[in-house]
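Given the coordinates of chain E, assemble chain F onto it according to the supplied hints.
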Amino acid sequence: MTIEQIVFFAFAAPVFMWGVSARMRPWGLMVGSLLAALWWVGGTQVATVDVILSLLLLGLIVSVWWLVQPTGDHTEENSSGTITTEDGYALVIMTSVLLLLGGFALMQTDNLSIAVLPVLGVVTLGIGANSLSQIAPSVRDQLAQSIAWLLIILIICLLVSLKLPALATFWGELLRWDTTSVIADSPIVWIGFSYVAFRIMAVLLDYRAGRLAKQGYSLRDLTVYVLFFPAFTAGPIDRAGRFIPELNQPQDLSSARLVEGSTRIAVGLFKKFVIADSLALVSMSPALIDQTETTLGLWVLLYLYAFQIYFDFSGYSDVAIGLGRLYGITLPENFDRPYIQPNVQQFWQRWHMTLSTWFRVYYFTPFSRLLIRSSYRPPQFVIILLSQVTTMALIGLWHGITVNFFLWGVWHGVGLFLHKMLADNTRGWHKRVTATVWPRRIIYFGSVFVTFHFVAIGWVFFALPGPEDSLTILTRLFGVGG
Amino acid sequence: MARWDWLTKHKDLYTRYFILRVVLKATGLFVLFNLIFVFAQPMNMINDVTLYNTVFPGRDRLPYSDNPQAAYNLSLGSLDAMFASHIITENPVEDEFRVAIIGDSSVWGVLLDNDQTLSSCLNTLDLKSADGRRITVYNLGYPVLSVFKDVLLLEEGLNYDLDAVIWLTTLQALFEVEQLRHPILNDNASRVRAFIAEYNLDLDSDTLPESTWWDRTIVGQRRALSDWLRFQAYGIAWWMTGEDYASARYLGAPVRNLPDSQNILNQPQIDVGDLIGQDVLAWDVLMAGYELVAMREVPVLLVNEPIYRSDGLNNELRYNEYYPRWAYDEYRAYLAQLADDNGWPYLDLWDSLEPATFTDTPFHYEADVVCDVAELISPHLLAMID
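Chains as they are written, first to last, in this note's numbering: chain E, 331 to 812; chain F, 4 to 389.
You can take every hint at face value.
Quick list of the computed label-pair ranges, beta carbon to beta carbon:
| no. | chain 1 | residue 1 | chain 2 | residue 2 | range |
| --- | --- | --- | --- | --- | --- |
| 1 | F | Asn266 | E | Val519 | 46 to 56 Å |
| 2 | E | Val490 | F | Thr215 | 53 to 63 Å |
| 3 | F | Leu228 | E | Gln675 | 36 to 46 Å |
| 4 | E | His783 | F | Ile22 | 36 to 46 Å |
| 5 | E | His783 | F | Val34 | 40 to 50 Å |
| 6 | F | Gly135 | E | His783 | 48 to 58 Å |
Keep in mind the hints are simulated off the structure, nothing from the lab.
Note that CB positions come from ideal geometry on N, CA and C, so glycine has one too.
Bound-form chain E, shown alone (with noise of 0.2 Å):
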């Protein structure tokens, strides 16, 4: 988000939920999410794969929501698959705000598959709700869990698609095939994707758990929690569960909430726009690393980043919650002074929380579950290793499919590990150790700078784009190598 869009919400908000009565607030939530989500695909100057994109990011809402609909008894007499009066509405939002955003494309260009596309987007969209809904509850049951896996593995083909860089490319030079500027090569970037695409699958994975509400999810709830405004683009990631019956309850801008959203969101500019992009400018980049000279010049290029990625994406989150407070919704939090903990498990606890909540509910907990549950059951600190390790992996590979991003996500696998064997083995001598002040702060101190140091070295991988690259800084970071 740029500094007016962000002036622009928060400007907006009081006109909103003093002008909107309470019940019309999540659908004038639905319009502007909508609106802003569509906005961010296509931008100023939308093209065919804008279009594509969109109608793709609609067709995922309106399968999964159509997943997470009740099924009734199960008779063929009782098919509870009829649309409601509300989903109806939400599906001609949805339909307008698509056929918008043709009508918008076609002022520019004079390529009629701008035009075409939402047309047959909205047809396909109306006869696919239309054929969904007269099919059996007991078919649609069966049908459901497969069509969730299958969305699942789609999603997951999006984002490897997105975040492979050679994909990426390949995905843009093909669609864009009607632009002639300057971007026309340039890989496909779809904004907020890997935001939106957790929280679908999120429902997807708690809809085959058997974890989602009963009563499922109307069009326009899940609309508004996939797609909503101030947590499109950097999140956090927030859960449906928790999202949908607060957004069923709207808050009213009260002047403790008016005054909580805007100073976070005043914070959160600062923290962006002032720190971040002021470190920025002078933050570990390659560039910057192969005109540096001095190992002392190095670590303080790493120290800036370090402080740099945090206040930037810090600041994002804390300008995300503000907004949320001030149209009525408690976001969760994102960061909680990552870099004054012992430990990196505690760091992790604080840092990107609601992406490492994710991946812990999601993946982590099922994948030791299935561990320890196999029947060739690996030894505990194998199991420990392996989860650890791969649910960091993961969460390395999120930020973009490259070696740096999987070598950094390993860097933290292999750091909770190690923390976690030390800990259990150092119980006692720890309690011992710390049972007086001077010693326990002694220790606290060392670790928080053995674990800020641990997560500073880590931004290495994250920063520069080849391993060689991460190798030789490491190297040079301690005094070998030229």
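Relative to chain E, chain F alone:
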């Protein structure tokens, strides 16, 4: 929970009346601070505050960049901020003989690293003054073709214990209409206006922008504040890398095949054979510069800088895309005469370099020959100061 609740923990206080008071107070404070800013003008003080020469080493050349992110450098408006970052503001070393070299982009070192500039080459010659002091040459060049800009930088540079000055110039830097056009002169308009008045120069100071009341507020000065902050941040990268220039693009060699025209580039109003007579050159600015140094008894070596001389089409009419032969010859003759009449030490290096050694314009030359130019200058410098 992120620990921001200390800011907002007294929720029971947050009535609409409270918010109204906060908004009113914030507005009041905003207006008040802007008013204080208007009257106190703290930018002058802020521009003097710098991390250069203390936390980071001072810069070898004045801040300038057309590619800040890659160069870790920034074009600043304020002369105070520019000089505050420069190594010249460090206290003089005991046995140092301080020489400033002023001029345009060829002196600043466009397309050159900071260890390839004329000042750097002069320093590597390890020159000594007659009394045995080590000569240190400071680069006060700036990539703008205007002698007024040279004088402005000279005026500021003289505050830093200069013992001598080398002043490189060329015809293009002397056109009156070019003198006040550039951002560095517009950004220091009040200083320029005062200088014009003090030396009674034949320049129209009305073309300089007037500073409005709004310009003097925090809002009006936000760009200067932001630039100051960014420039301090770039100091870290300067310290780490020693880099202060990134060539955005190589523009290609100077034009070899020249137009069949007797006009001076961008000055078509000047009649052939009448450059000096038409009073279009700012000789008075040059003279004012000499008056300025004369008051401090600082000797100046005036150098007519090397130019590209094309050997291509129409070279019998023109030396290069800027200069027809008649105009440049008139200028050279007059400059030599002026120096002779006033007893100024003068060195004409106009044809000292081969055409193949020039890079993108008729004034920029390759790093390899910069030190050759320095070697041509050094004996004259030594002769002047002895």
